[in-house]
Amino acid sequence: MKAKSAFLEGVRDGIPIALGYFAVSFSLGIAAKSIGITAFQGALASFLCMASAGQYALFSLIGAAASLWEVALVTLITNARYFLMSCALSQKIDPQMKNYHRFIFGAVVTDEIFGITVARPGYLDPRYNYGAMAVTMPGWASGTALGIIMGTLLPARLVSALSVALFGMFIAVFIPPAKKDKVIMGCVAVSFAASLLFDIVPFLAKISAGTRTILLTVVISAAAAALFPAKEAEINE
Amino acid sequence: MSNYLYILVAFLVIYAVRVLPLTLIRKPIKNRFIRSFLYYVPYVTLAVMTFPAIVRVTEQPAAGAAALIAGIAAAWKGCKLLTVAAVCCAVVFILETFL
Numbered sequence: 000m001k002a003k004s005a006f007l008e009g010v011r012d013g014i015p016i017a018l019g020y021f022a023v024s025f026s027l028g029i030a031a032k033s034i035g036i037t038a039f040q041g042a043l044a045s046f047l048c049m050a051s052a053g054q055y056a057l058f059s060l061i062g063a064a065a066s067l068w069e070v071a072l073v074t075l076i077t078n079a080r081y082f083l084m085s086c087a088l089s090q091k092i093d094p095q096m097k098n099y100h101r102f103i104f105g106a107v108v109t110d111e112i113f114g115i116t117v118a119r120p121g122y123l124d125p126r127y128n129y130g131a132m133a134v135t136m137p138g139w140a141s142g143t144a145l146g147i148i149m150g151t152l153l154p155a156r157l158v159s160a161l162s163v164a165l166f167g168m169f170i171a172v173f174i175p176p177a178k179k180d181k182v183i184m185g186c187v188a189v190s191f192a193a194s195l196l197f198d199i200v201p202f203l204a205k206i207s208a209g210t211r212t213i214l215l216t217v218v219i220s221a222a223a224a225a226l227f228p229a230k231e232a233e234i235n236e
Numbered sequence: 000m001s002n003y004l005y006i007l008v009a010f011l012v013i014y015a016v017r018v019l020p021l022t023l024i025r026k027p028i029k030n031r032f033i034r035s036f037l038y039y040v041p042y043v044t045l046a047v048m049t050f051p052a053i054v055r056v057t058e059q060p061a062a063g064a065a066a067l068i069a070g071i072a073a074a075w076k077g078c079k080l081l082t083v084a085a086v087c088c089a090v091v092f093i094l095e096t097f098l
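Going line by line, the protein sequences match chains B and Z. If you read the first sequence in numbering that gives the first Met the number 0, its first letter stands for residue 0, the second for the next number, and so on. If you read the second sequence in numbering that gives the first Met the number 0, its first letter stands for residue 0, the second for the next number, and so on.
Do not rely on the hints blindly, as some may be mistaken.
Where chain Z lies over chain B, by a calculated footprint (3+ residues, C-beta under 8 Å) [what the hints assert, rightly or not]: (1) 130-144; (2) 170-179.
Capping the alpha-carbon separation at 27 Å, the derived lysine-lysine pairs in DSSO-like fashion look like this [stated by the list, open to error]: (3) Lys205/B <-> Lys26/Z; (4) Lys205/B <-> Lys91/B; (5) Lys26/Z <-> Lys97/B.
Simulated from the structure, these hints should not be mistaken for laboratory data. From the three backbone atoms N, C-alpha and C, an ideal C-beta is built for every residue, glycine too.
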C-alpha cells in the first residue's frame, strides 16, 4: 500500500514537471531539427540524458561536427550541477535501501526532480522517483520528437505560458522553507540578486547559464554554511 | 561520425556525473560545514535558476515577472507544486493575451 502511494505521489508531482518538460523539449526539438537530428535520435538523446542545457550543447556540437572529447568536456561542464545535487541526495538515502536503486533513480537527477525529491521529508523513497520518472521521461522525450516533427505548429503564446511551469515548481520548492528559515530566505534573495547581476553585467553575461549556476551555488551556499551553520534539526528535517 | 556515437558519449558522461556521488558517498557526512553547505545547495541552485530566467523565457518579460510574483504568493500561502505551476502558467497566458 505504501509502495503504491509513494509511486502515485511521484506521478502526481511529476505531471506539472512533465508538462513543463514537454514545452521546453518541444523548442529543443525545433533546434535539433535544424541540425539534422531525426525524431528518433532526438527522443533517444532526451530519454538517456534528461538535460535541457546539456542537450542544447550536445545538439549544437553535433551540428558543428565537434570531436567526441569536446562533447565529453562540454557535457561535463553543462551538467556539473547534478554532481552537487547527487552529493546532497546521497545524504537522504536510507542505509537500508537496496543498492541497485542508486543506479536507476540516479540516472534522472534533473533540476526539477531533485527539487521535488528534497521537498519530501525524511529518507528518499526511490518509488517516488520512479513515479516521477514514469511521466517526466516520456514527456521530455515525446516533446523533443514532436518538436522535430511538427516544428512550429504550437502557438508561441501557449509555449510561452507552458515554459514558466518549470519555474513555478522551483518556486514551490524554495518558498516554503524560506518562509520558515530566515537564512534560506536570505540565500534566495542573494541568489536572485547575484543571478541578475550575472545576467546584465556584460562580461559576466558571457558565462554560460550552467557555469553560472555552479559558480553561484558553490559561493552562496558556502558563504551561508560558514556564516550560519545549519542546526542539526533543520538538516534532518 | 554517427549521431548515435555523440549521444552515447553525452549519456555516459552525464550518467557518471549523477550516479558517482550517489554510489561513492555511503556514509552520513559528519563535517558541520559540508552538511550545512549541502543543506543550502538545493535552495540556492533553484533560486539562481529561477530568476531572471523566468523573465527571459516568456514572450513578454512583464508576464514572466508577474508569474514570479504570483508563484511566490501562491507558494507562501501553502499551495502545492501543481497549483503553483498552474498559477504561473495562467498568469502568463492571460497577461500575454491582453498585453
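Consistency of the hints with the structure:
1. 130-144: That given contact is violated, which follows from only 0 residues of the stretch 130-144 of chain B lying within Cβ reach (below 8 Å) of chain Z.
2. 170-179: holds (count 9)
3. Lys205/B <-> Lys26/Z: Judged against 27 Å, a Cα distance of about 39 Å means the pair is violated.
4. Lys205/B <-> Lys91/B: Violated, because 35 Å separates the two Cα atoms, which is more than 27 Å.
5. Lys26/Z <-> Lys97/B: holds, 15 Å
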